Amino acid sequence: MQFKKLWAPPAALSFPLFFLRLVIGLAFMNYGYMKVTGGTAMWEAVGGAMEIIGISFGKVVWGLIGSWTEFGGGILLILGLAVRPVAAMQCFMMILATISHLKAGDALYVAAHPFELIGVTLLLVCTGAGKWSVDQLIANKLNRS
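Here the working numbering runs 976 ahead of the position in the sequence shown, where the first position is 1.
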């Protein structure tokens, strides 16, 4: 199987994808850092979003997982490492965040931000990291062997 075809969008997208990963990765790191360092009360609040899909146990654990998905996932996006699975997890989180805001009766502009991030993360799931990434280095190495 050709891993290069699996991981590499057209060369013209290399810089735009890198720039997108950089900007979105920094944003996710920023949001995630506040949650990771927020302690158990913050993790419980973040994990409470899982009730939307019927999971009402382990809020602190789910919140910690979600917080690290944002913070650590942001780092991985910047590096271009495991971009598709990371973006898929972040997309899932943004779906929960959007629904959570709408159910809470927040203004549409509040729910719009995670909704916009759904679009960005879906784009990264579809395109992958691009040529300027650790994913591409790994794909190149696998193609040589």
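Bear in mind the hints are in silico, worked out from the structure with no lab data behind them.
Hints may be right or wrong, so weigh each one.
To be verified - With a straight-line Cα cutoff of 30 Å, these simulated DSS-like cross-link-like pairs (lysine-lysine) come out:
hint: 1; residue 1: K1079; residue 2: K1035
hint: 2; residue 1: K1079; residue 2: K1011
hint: 3; residue 1: K1011; residue 2: K1035
In this text, all values refer to a predicted model and were calculated from it rather than measured experimentally.
* Asked: Of the hints given before, which are not true for this structure?
  -> none
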